[in-house]
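As given, the protein sequences belong to chains A and B, one line each in that order. Just so it is clear: in the first sequence, position 212 is 212 by full-length UniProt numbering, and no numbers are missing. Just so it is clear: in the second sequence, position 198 is 198 by full-length UniProt numbering, and no numbers are missing.
Intra- or inter-copy, both count: the list cannot distinguish identical chains.
With a Cα cut of at most 27 angstroms, we get these calculated DSSO-like pairs of lysine-lysine: (1) Lys17 with Lys39; (2) Lys206 with Lys39; (3) Lys141 with Lys39; (4) Lys237 with Lys206; (5) Lys206 with Lys119; (6) Lys132 with Lys23; (7) Lys38 with Lys111.
Think of the hints as simulated: they come from the structure by calculation, not from any bench.
Below are the chains, spelled out letter by letter.
2 protein chains.
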Amino acid sequence: MQIVIIGSGNVAYHMAKAFSLKKIPLLQIFGRNGEELKKISNELDIPYSTENLENANLYIICVSDNSVESVSQLITKKDCLVAHTSGSLPKEILKGEYRKSSFYPLQTFSKSKELDYEKIPFFVETENQQDKHLLFEIASKISENVMESSYEKRKYIHLTAVFACNFVNHLFARAKEISDSQEIPFDYFLPLIDETVQKIHEIEPKAAQTGPAVRNDVRVLELHEQLLKDESIEIYKTMNHSIQKMYEL
Amino acid sequence: MQIVIIGSGNVAYHMAKAFSLKKIPLLQIFGRNGEELKKISNELDIPYSTENLENANLYIICVSDNSVESVSQLITKKDCLVAHTSGSLPKEILKGEYRKSSFYPLQTFSKSKELDYEKIPFFVETENQQDKHLLFEIASKISENVMESSYEKRKYIHLTAVFACNFVNHLFARAKEISDSQEIPFDYFLPLIDETVQKIHEIEPKAAQTGPAVRNDVRVLELHEQLLKDESIEIYKTMNHSIQKMYEL
Chain A
1 MQIVIIGSGN VAYHMAKAFS LKKIPLLQIF GRNGEELKKI SNELDIPYST ENLENANLYI
61 ICVSDNSVES VSQLITKKDC LVAHTSGSLP KEILKGEYRK SSFYPLQTFS KSKELDYEKI
121 PFFVETENQQ DKHLLFEIAS KISENVMESS YEKRKYIHLT AVFACNFVNH LFARAKEISD
181 SQEIPFDYFL PLIDETVQKI HEIEPKAAQT GPAVRNDVRV LELHEQLLKD ESIEIYKTMN
241 HSIQKMYEL
Chain B
1 MQIVIIGSGN VAYHMAKAFS LKKIPLLQIF GRNGEELKKI SNELDIPYST ENLENANLYI
61 ICVSDNSVES VSQLITKKDC LVAHTSGSLP KEILKGEYRK SSFYPLQTFS KSKELDYEKI
121 PFFVETENQQ DKHLLFEIAS KISENVMESS YEKRKYIHLT AVFACNFVNH LFARAKEISD
181 SQEIPFDYFL PLIDETVQKI HEIEPKAAQT GPAVRNDVRV LELHEQLLKD ESIEIYKTMN
241 HSIQKMYEL
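Isolated chain A, as found in the complex:
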């Protein structure tokens, strides 16, 4: 099995690393950014190129959504399988005469943050059973949690992830902006944040809700609005409105 990873960003790096750790040989890591590729190549001992795409059986495209289509056209080989790793693109975005598939790891990737790959859910979609078995076999070497998913479902998985991860992280960023403005160390909030997440491993998020909005504590809601400005006040109002709608307050 000859596998090439295309891309040099966060997803490409972590896929390459996961493959290396699980002893799945990579023929090449290919992309535009030579500097980033060189770093990955050095760290993981995988050949890289910015120019000559190797002849492989499987290409895994790990680039931003906007670039998937154009990058997919670089693969001119016909008898091969191509997968993209996007949560919100159909496999038909891939433009070529090869077999098309989706190989979606549900996780947030940053190069500077190590990951436990075994816990990452992988969602696979292929054109035929054989390719499905192949991608399941590969993903199962990396993770305990491999599933099939249609594009229809994957779109919603990605959307849910945006709420549960991207927006959550942005709340942390806005929270830190508030605490920084008062010279309150953000570390104080880490036990609270950890507990907020531990809680939903045991209790439904809807049942775990606490805070002034769900108590309909109008005095505190008004006090807080006076302390906020700009985007944070918009978030404050929108979130409180949504909480109050959910609990019919």
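Got chain A sorted already, so can you dock chain B onto it with the hints?
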């Protein structure tokens, strides 16, 4: 030292439990809700009453913000210290001739969720040094992390906590609503959520941001808006707008 806890909700329960675990004797747990008090009393072996407030040196009021003032008037004793546990009330909300203080645990409390009390930051505000030492001594038996905080600062600590905990939990609730609507088990998202939080132990939240808004991926943003409705679409738009403002996109 004779200590009474007033209240029967989440905070009262966990304070009583923390005191019990750390062998700080409680004279009584007092409140209106006899049924809840009885449960706490049975579990922790602390006397309770709904009618006769015991004579104590320290009363810790653990009731909702709206009730702190009226509850504080039940304490007619003068030579004692009274503390409330609210993040957003001044100690002067307490109405009586006793010494007033604030004893604020920065955590989210649900009766059904066990907690590691040692990691909870406690913020203390008193009228004099002696009371400060007393509350520090007590809080230090429970937690490794005890600090002084003025009302001005506490307001912002509480506000930061609303963003980092209450709103984050609500995002989980809205995320689950989306995944439930497509019969996607919410458990799939737990490794992603865990990683989102682990990440900010190592990386600044602003630097950890991922997702379509920070990539300015207009196609995905429009696709997602088509999948959403009602409050979730308002959250979606507000959060994306705020992300794009933060990164000047």
